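Chains W and P, in that order, are what the protein sequence lines are. So the first sequence is numbered by the working numbering: it starts at 1228 and just counts up by one. So the second sequence is numbered by the working numbering: it starts at -16 and just counts up by one.
Calculated directly from the structure, the hints in this document are not laboratory data. Computed from a prediction, not measured in an experiment: that's the story for all the values here. In this text, a Cβ means the ideal position worked out from N, Cα and C, and glycines have one as well. Check before you lean on any hint, since a few could be wrong.
Sample of chain W residues at the chain P side, in silico, Cβ under 7 Å [what the hints assert, rightly or not]: (1) 1267; (2) 1308; (3) 1309; (4) 1311; (5) 1369; (6) 1384; (7) 1385.
Residues per chain, in single letters:
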Amino acid sequence: MKAIAAPVRQTVDNPVARLLPIATTLLAMIISVEPAYIPGYAAVTPAFTLMAVYHWTIYRPKLLPPLALFLIGVTQDLLTGAPPGVSALVMLIVRAFVLPLRRHFIDRPFPFVWAGFTMLTGGTMLSLWTVHCLLDRVVIDFRGTVFRAVLTISVFPAASFLLGRTQRTLMSTG
Amino acid sequence: MIRPSLFRRASVQRVTFPLLVLLSATMIILGKADQVILESLRVTVADAAAPVLDVLSRPLAALADLAARARRLASVYQDNDRLVEENERLLGWQHAALKLAAQNSQLRGLLKLAPEPTATYLTARVVANSGGAYVRSLMVYAGSENGVSRGQAAITGEGLVGRVSEVGTRAARILLVTDLNSRVPVIVEGSQQRALLTGDNSERPCLRYLDTGAAIRIGDRIVTSGQGGVFPPGLPVGVVASLDGEAPRVEPYAELSRVEYLRIVEYGLADGLPKAIPIGPRGGRRAERSADGQQSRR
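One chain only, chain W, in its complex shape (with noise of 0.2 Å):
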């Protein structure tokens, strides 16, 4: 099985192209704030947001710039009534952290990218869940965490799929 979304190596001349990483790491955030009416789903709520930065970190780092991030980040954090900085700190070091590995998951099979991202998923829960341990002072129940982890990974498959489509369909009309 290969990758879902295979690279586009030419450059992007689409200036609608070139906002999409932008673009589409926004609606995640939106997505992630949005009531879905399910019972239970707000504290297990999927990281989309997580999966945007991971996938174009890997094929379009250049499109995905830290200030980006950064703005996202912290939108979200103010919309959700989080502690802000948190959201857009992660974002940032996650992308700090795949950049220098991007080249092992371009052109990789799927399960391959699907690992390095359950990886990523469980180091960045467990990293929130520190965090806002030592913020509130107070040890936070872990099964929420872990349930959102397991979620995470869960749908990465099915984003990584829409996110990859819209990649090709825009980009390789660039």
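Following the hints, position chain P against chain W.
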């Protein structure tokens, strides 16, 4: 040879990343140290984003509504039988309530009891949730221009949902009773034990500061006590669901993650909280208002 513009861009990028990381870390620390600056920023962003979030949440709400209708359709006959039976039973209760209300009114007259303040209600649509395991809050598309103010109670038909914690011109944040920072003075009906309902980000908040040896049973009703002057007394909150662990846990009556519309109660008690941060007036379309026609008496 490297062009100067490319070199400059590379240098800017090298500086930008650590600068943004530092800025994020500073915001986190500043957010802990000075809540006021960040609260005004949060309220401004909420005001700007609320109309967009309102529009974007409509299709999902329509889908959820459709699914709920389909579910109800499947059980329409059983529901009808149950409701007919329940209606007969409730008619009996209605007679009893009317008789008691008349008696209560007579006794209040005899005692010359000061009348309770009148509550007014405002209905607001939920446009965003907290999307994570660490904060339990909702954003509603109604703000100070609709009459929402800090400290008001937010309820559904079933029971208490939380309280208004931040207010902008056209959006407000509701801190849910399940949030780590939520504290609601409550009373256990029947035994009249006072306690503090304390959220811990789980689905069931705990009852703290109960008297030692307090006789609490599973199924006991929990209502607001009105102590502290933030909530009116007697608002239904939930039932005692478990007695395991260090404190009894309460299952809220309201389904907190399925709420689409909330009622915000103005009881003339909102001064129990510190004053709201004044935010400058802002134009734009008004939030969904079903408030004007919904003023009612308690």
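### Message
Could you work out which of the previously given hints the structure breaks and list their numbers from low to high?
### Response
5, 6 and 7
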